[in-house]
Amino acid sequence: MGERQIIHVDVNNAFLSWTAVEKLKNGEILDIRAIPSIIGGDEKQRRGVVLAKSTPAKHLGIKTGEPIYQARKKCPDLKIYSGNYECYRKYSDALYNLISEYTNKIERFSIDECFVDLTDLNQDNLGIMNIAKQINKRVKQEFGFTVNIGISNNKLLAKMASDFEKPDKIHTLYKNEIQEKMWNLNVSELFMVGRQTVPKLQRIGIDTIGDLAKTEERYLIRRFGKYGRMMWEYANGIDNQDVEFTPTKPKGIGNSITLPYDVNKLEELEKILFKLVEQVSYRLRKQKMLARVVCIKIKDKNFQVYTHQSRLKSDTNCTKEIYLLSKKILKEMYKNEQVRLIGVRVDNLSEVENSQMSIFNFETENRQKKIDSVIDEIKDKYGYNSITRASTIKKDIK
DNA sequence: TCTGGGGTCCTAGGACCC
DNA sequence: TCTGGGGTCCTAGGACCC
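Using this note's numbering, you'd call the opening residue of the first sequence number 161 and step up by one each time.
It should be emphasised that the hints constitute simulated quantities derived from the structure, not laboratory data.
It cannot be assumed that every hint is accurate.
Said to hold, decoys possible - Restricting the straight-line Cα-Cα distance to at most 20 Å, the calculated cross-link-like pairs of lysine to aspartate or glutamate (DMTMM-like) are:
| # | residue 1 | residue 2 |
| --- | --- | --- |
| 1 | Lys529 | Asp475 |
| 2 | Lys250 | Glu302 |
| 3 | Lys409 | Glu340 |
| 4 | Lys300 | Glu261 |
| 5 | Lys448 | Asp399 |
| 6 | Lys374 | Glu340 |
| 7 | Lys495 | Asp460 |
Stated by the list, open to error - Simulated restraints, written as ranges between beta carbons of each label pair:
| # | residue 1 | residue 2 | range |
| --- | --- | --- | --- |
| 8 | Val465 | Thr406 | 30 to 36 Å |
| 9 | Lys185 | Glu325 | 36 to 42 Å |
| 10 | Arg549 | Glu325 | 23 to 29 Å |
| 11 | Lys204 | Leu281 | 19 to 25 Å |
| 12 | Gly162 | Asp422 | 55 to 61 Å |
| 13 | Asp402 | Val465 | 21 to 27 Å |
| 14 | Lys360 | Phe269 | 24 to 30 Å |
| 15 | Gly304 | Arg389 | 28 to 34 Å |
| 16 | Ser348 | Arg389 | 16 to 22 Å |
| 17 | Arg549 | Gly162 | 55 to 61 Å |
We put the CB at the ideal spot given by N, CA and C, even for glycine.
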């Protein structure tokens, strides 16, 4: 069995670039990629974090995920734009369709990243490089945004390679290049080594990816468990995971919201919770899936997060049933704190086909099912917000 | 006007069973 | 009668990713 040929395609500053392209298409003169600018959430709604930044903004030290007010301190005349998920979806699909012309073995890793297995094309390294160049060039010409492409024989190395110098670059990271191109990097650059782990590694004398690679594997396993093994393998460029090109079913579906102001009334939280449940169960039905576990998350005004979960009596995707359990969990866990964020997620999902309906609530479930499907149809036809349950209309939040 | 939202995976501890 | 040990399931929390 020969080596696989895998590339990782990563859109440069995706949300920001896509917004820039859309603006240019709509006749604006200014290319926001050329000035210090960010895509950010709504500060009035208390969602003011940096979601994407331009290269000039990056050079001023602005980081993704940081509060906008902090970014503004670094650059007082920073231009801030809001996001538009539908627009992102459009460009993401366009990119995906372009790559589909080469192979269908594409794993959509996120809205702006994908892995592509090009092994079946029977190309040597040079041939793969030429395909990468073609994709890179075509995306730029046909859509107006740029991508980085990483090339290697497994996903991890391809992803690491696409993260090298940006934007609009192609890099290889074959096994024989690991030492030269990857080992000198700071260990924080390694995929899956995050903020919490870096200081732990530094404390035991590991600063670079090379340091990690040369550390005894058994020692890392003893210290970090499974995660230690993974880090060691990644540092050594070992990764056997396949490109998952058949879309996989979700393991869980959640919806949470940071509230514009802190809330400490149970009835008010319940109303918000209903909206969240309505959306979660709608998406669950769209996936033709059933849930077994409901989990409620609360973040209080001090950013303390806690969760409580409970099992449903039987698998369901019925809005009312999921809501009734959600409400019960919330009531049990709620200690009258000031709530900043509330969320609900369903877990332990299964496909609708292999489900059993509980005999005991067959009748009520049947009636609820009809209500759900009628509401779903209206939502599909006239838009998600065209209809909601009467109880939530009466006293709208806010 | 200070810190989003959607995911996946892992771990630790307790309950329970044989 | 001073109290093993393996296994599974469940819950809460936390790490990481984009």
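- prompt: What hint numbers does the structure not satisfy?
  reply: 3, 5, 9, 10, 11, 13 and 15
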